[in-house]
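Number of protein chains: 6
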Amino acid sequence: MTHVLKPKERVSKELVEKFKELPAATVYEAAGQLGMIDPAIRPVYPEAKVCGPALTVFCHVGDNLMIHKAVSIAQPGDVLVVSIRNDTRSGAWGEILTTAAVQRGVAGLVIDGAVRDSEATQERGFPVFSRALAVGATVKKSLGLINHEISFGDEVVRPGDLIVGDRDGLVVVPKERAETVYRASVDREEKEAKLMEKLTAGSTTLELLGLEKTLSELGLVEE
Amino acid sequence: MTHVLKPKERVSKELVEKFKELPAATVYEAAGQLGMIDPAIRPVYPEAKVCGPALTVFCHVGDNLMIHKAVSIAQPGDVLVVSIRNDTRSGAWGEILTTAAVQRGVAGLVIDGAVRDSEATQERGFPVFSRALAVGATVKKSLGLINHEISFGDEVVRPGDLIVGDRDGLVVVPKERAETVYRASVDREEKEAKLMEKLTAGSTTLELLGLEKTLSELGLVEE
Amino acid sequence: MTHVLKPKERVSKELVEKFKELPAATVYEAAGQLGMIDPAIRPVYPEAKVCGPALTVFCHVGDNLMIHKAVSIAQPGDVLVVSIRNDTRSGAWGEILTTAAVQRGVAGLVIDGAVRDSEATQERGFPVFSRALAVGATVKKSLGLINHEISFGDEVVRPGDLIVGDRDGLVVVPKERAETVYRASVDREEKEAKLMEKLTAGSTTLELLGLEKTLSELGLVEE
Amino acid sequence: MTHVLKPKERVSKELVEKFKELPAATVYEAAGQLGMIDPAIRPVYPEAKVCGPALTVFCHVGDNLMIHKAVSIAQPGDVLVVSIRNDTRSGAWGEILTTAAVQRGVAGLVIDGAVRDSEATQERGFPVFSRALAVGATVKKSLGLINHEISFGDEVVRPGDLIVGDRDGLVVVPKERAETVYRASVDREEKEAKLMEKLTAGSTTLELLGLEKTLSELGLVEE
Amino acid sequence: MTHVLKPKERVSKELVEKFKELPAATVYEAAGQLGMIDPAIRPVYPEAKVCGPALTVFCHVGDNLMIHKAVSIAQPGDVLVVSIRNDTRSGAWGEILTTAAVQRGVAGLVIDGAVRDSEATQERGFPVFSRALAVGATVKKSLGLINHEISFGDEVVRPGDLIVGDRDGLVVVPKERAETVYRASVDREEKEAKLMEKLTAGSTTLELLGLEKTLSELGLVEE
Amino acid sequence: MTHVLKPKERVSKELVEKFKELPAATVYEAAGQLGMIDPAIRPVYPEAKVCGPALTVFCHVGDNLMIHKAVSIAQPGDVLVVSIRNDTRSGAWGEILTTAAVQRGVAGLVIDGAVRDSEATQERGFPVFSRALAVGATVKKSLGLINHEISFGDEVVRPGDLIVGDRDGLVVVPKERAETVYRASVDREEKEAKLMEKLTAGSTTLELLGLEKTLSELGLVEE
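Protein chains in written order, with my numbering: chain A, 3 to 225; chain B, 3 to 225; chain C, 3 to 225; chain D, 3 to 225; chain E, 3 to 225; chain F, 3 to 225.
None of these hints come from the bench; they were simulated from the model. A virtual CB, placed ideally from N, CA and C, is assigned to each residue, including glycine. Possibly wrong hints are sitting among the right ones.
As the list claims (entries may be wrong) - Straight line, CA to CA, 27 Å or less: simulated DSS-like cross-link-like pairs of lysine-lysine:
hint	chain 1	residue 1	chain 2	residue 2
1	A	K215	B	K142
2	E	K196	D	K215
3	C	K143	D	K177
4	A	K196	B	K200
5	A	K142	F	K142
6	D	K177	D	K10
7	E	K215	A	K143
8	C	K142	B	K215
9	E	K215	A	K142
10	B	K196	C	K10
11	A	K143	C	K10
12	D	K193	E	K215
13	A	K196	B	K142
14	E	K142	A	K215
15	B	K142	E	K142
16	E	K215	B	K143
17	E	K215	A	K215
18	D	K215	B	K143
19	C	K142	A	K143
20	C	K10	A	K142
21	C	K10	F	K177
22	E	K196	F	K177
23	F	K143	C	K193
24	E	K143	E	K8
25	C	K200	C	K10
Said to hold, decoys possible - Sample of chain A residues lacking proximity to chain E, with all beta carbon distances greater than 12 Å (derived):
hint	residue
26	G34
27	Q77
28	R87
29	V104
30	L147
31	R160
32	R179
33	R185
34	E192
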């Protein structure tokens, strides 16, 4: 088995820049309600936001050897998406890796495990999304996979897919669909802005979303 | 079955205003240690506080249709108490509902599920207490109940009951007991203030709470 | 059984002062990757940090009588380490105990249960680490143990052992090893500072940590 | 506050006998998909089944005093429904209470906490549904409530309401609705039996439940 | 988007028959320690075992419409692998679906949610692996995906991949690797049988697995 | 640091034999309600019972090297008490270790992680208590500790302490207290047997345990 694959097509830089304006929840809706990463993977500090193509990493429990390898081959703008099999006791990322990642222009880290040195990470403005914080250490003794398709937070993530995350959560968008999802997101944002204007003017969501008809068809009984 | 009941008696506005000065923990103690909502339902941002009569909503998993209906009939000052059966994958409340709710003067949202657009919610100062944040979407396809008595966060909540919440957690006070609980809360706050003066002056809680006698009766053995 | 033992040897004040400069994650590594307290025990506010010798307390579920006793005999600088058997429904510590503890110079509270009055606690700058916040009350009816060796957060904690905690988590260092661990921590901090300089200058962690050799020995296959 | 209320109307014995033939899942459906107790409350042994009117008990965490009181006033056929606030460390029920309950003709125990002496309980054929097993002890020091309306396992349970449980889970049926729910359950069982005959003969659930129309209306696209 | 894809290549029937002799743990090891489904997905009764090609289904939370569709197109021997997004409150599979599935020769069900009618399922000998049992109902109102690649229990599952499960857990083997994994499994079983003979004769695992050398190289210090 | 310490004093074989007659819950009560291991550590099959002196093992997450070492030095009757830091993904014990352990007369395994080959383990009648079952593998690359004092399942366990476990859970008894606890257990069993006779004859637990007085002193109000 080849452990480290070459990155292939990835979502374009121009598109990534455009997605940075969009909330994750909007992107999720625009993607047809597909691609929600497990909401238990949260930003380490509330302001953390992440947006970029996935560089996928698959590690053995308690072992971050492949993360070091991945940082060394990351391209500017990459988002590291690291499966460490939900191990929340091992702080698999800390200040040293943050320093190396910032130096290389890595756009952020998303991990289904734990991290440490969270204060330093926040000070450097490096966005991290994790299941937990933990002082626990890792060993560097086992191989894993890089740039393979992986299951991450209940979704399939392929290298080059777009990762978008903010306080509400994380979304993965398949690279082939990114352009379409972007346009649908912008449409949605515009529609929502108009909706909110009307709501502020006193309309109800029942009227604006056609829900009165739904309620009536379902046979709503009111006192 | 009648899905939507008329609101009946609710805790008075004057009393609600008075309760706004009180910490939730004090109210809980003054209520005879009854009414603690499951502590896993947390404020979405630390400063969020909520106080007002409950407008209860019972939804199907993954479906927020009845929340839209509830917002449309809410009265100013109401606190939406939404049971969506502990579904933490569906962001059942977002910026559109916040906008509609703020417009109608809704006092806050308390939900045993997930919400999204949390940043916008915080910016508008609308208090939300939830189990989780999630980008997940909901459908609008199933009826539920409004203004029925419900089980919420391990407590019975009836429409019109008082909901009080802050960083420490949420408490429900039956409307009939609210006046009594208010007076007991004020008494308790006064007693605690005096206790704290004495503690600052050097007394121990053992002396002030009569715990030396308890320890002695229980047969404490010290080296 | 003797419920309350006298504190015996504890880690020295001078050493405690020195440890205050160190991150918990560094201390954990320097201690040979031993002593990690369950990461689910978290600071109540992000800035909370704790450092000092343990005064151990073992309580019955839902009962904080022994905490009151412990505060009354605490010495300045002590860190209360309270096992209440993972009870996350009872707010076993609140503003009254904070007031008493601050007056006596207690250095902080670490508890495997819940606390309340968290806002007041933060305002007074008293560091608290807990599993949860809860408005729930406790009774004061059962004896427990003070200054006994206890199991706490998956680690053995003996009275006088050093407790170090920050946003990343909590670590216990046996008092006999504290001096050694301090020196190893300082070494580690220095080495890490140098590493980070080199990383900022463009080196990779593979080069600096000798991981290229590891990868090669393990038979890494790259595309 | 009156701690112990008199039992008022309860679901009739005749109806209870009839419900004993019905699976809990059928009753839940027939009840309009209302009344599901938290599925984490499970039978202690797979064959345990329970059916009867609720005698409700509300206890302090770690304290089973009110359970003893409840057993002493239980009537034959009663099902004890005990809220101990999700405390899963205290074995709040054991062989002594089983012995007392069997002697009085109690029909079973349903508790949102833990029990012990599970082997003896199974040998006596006494049905118990709990969140956990635990050797942990309880104290007998605090009052609670008996025959009050309580929140239990995410549902409101009132004294006299019908409790039905088997391996699939527990359902509460309001006493006023029990007759109606029974008839709907029998209808449902009959319809399902016919459905299953047709399925065995080769029909699909799509045909029998009219789902082909649903799929087509929703716009299903097949390759 | 095409909701229902045609099944493409699947692991051969001959190979499936051979895998039925093998424990899941052996298959996992032989697969290079890849493919472990989340261990929280457990057999509904201890004797349940499953082996066959995956027919993948992706459902909306609380909605089992697509499961009905999937059963209607299943081929004999297929294992239904159903993602319902970890919804453990909705009993998404019951006796009716079991009856339909058995009639069509479906080999089993694997679901990251809940099922009901578990007793009937066991009586029919139909193997089910789920996260939970629940009486909860589902609606039939939303489309999902069939025979798409999905993330299931922390692993990627593609239609036609081999699913192997027993009391120890579930494993997914990519169809292209199944032949190789089978041979490695048989080798492993043979080696283990020999190991166990030697162990029964008194050898230690240290000797047989070469672990004395490992311990010595790592610098083991013994008293 | 010395990784492997010599076993020192252990609870005597005669006493172990006597304890085999006692339920874990009785032992826990007789021990003064101290020593309850986390109830989430459960027997792998319901009939599993364990009783014997602890041989303690502390492993790195995902690494079972020290378990192999421990089995090789175990004495007949020892109970392996293995902390693998709550790692429930790695099946750290399987049929090979069971075979080796049975050959050496090991009395059972207690682990705060996962095991595999559970069917073979049950067939050989070897008692195992674990948090989970998992097919997951472990590496054999890191040293740990043997016969050190450890924290296990929220309790301190020292080598030679008595471990008693059955379906209700696990208890650790310090070796120095074992004789006293045994006598108190026998007393308790006798008292309970008499209590149960009286209960069967119609007495209530209120009468027999003096709880009527307690209720009256606490001010019970009955309708």
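Which earlier hints can't be squared with this structure? Failing hints, ascending: 2, 3, 4, 10, 11, 12, 16, 17, 19, 20, 22, 25, 26, 28, 30, 31 and 32.
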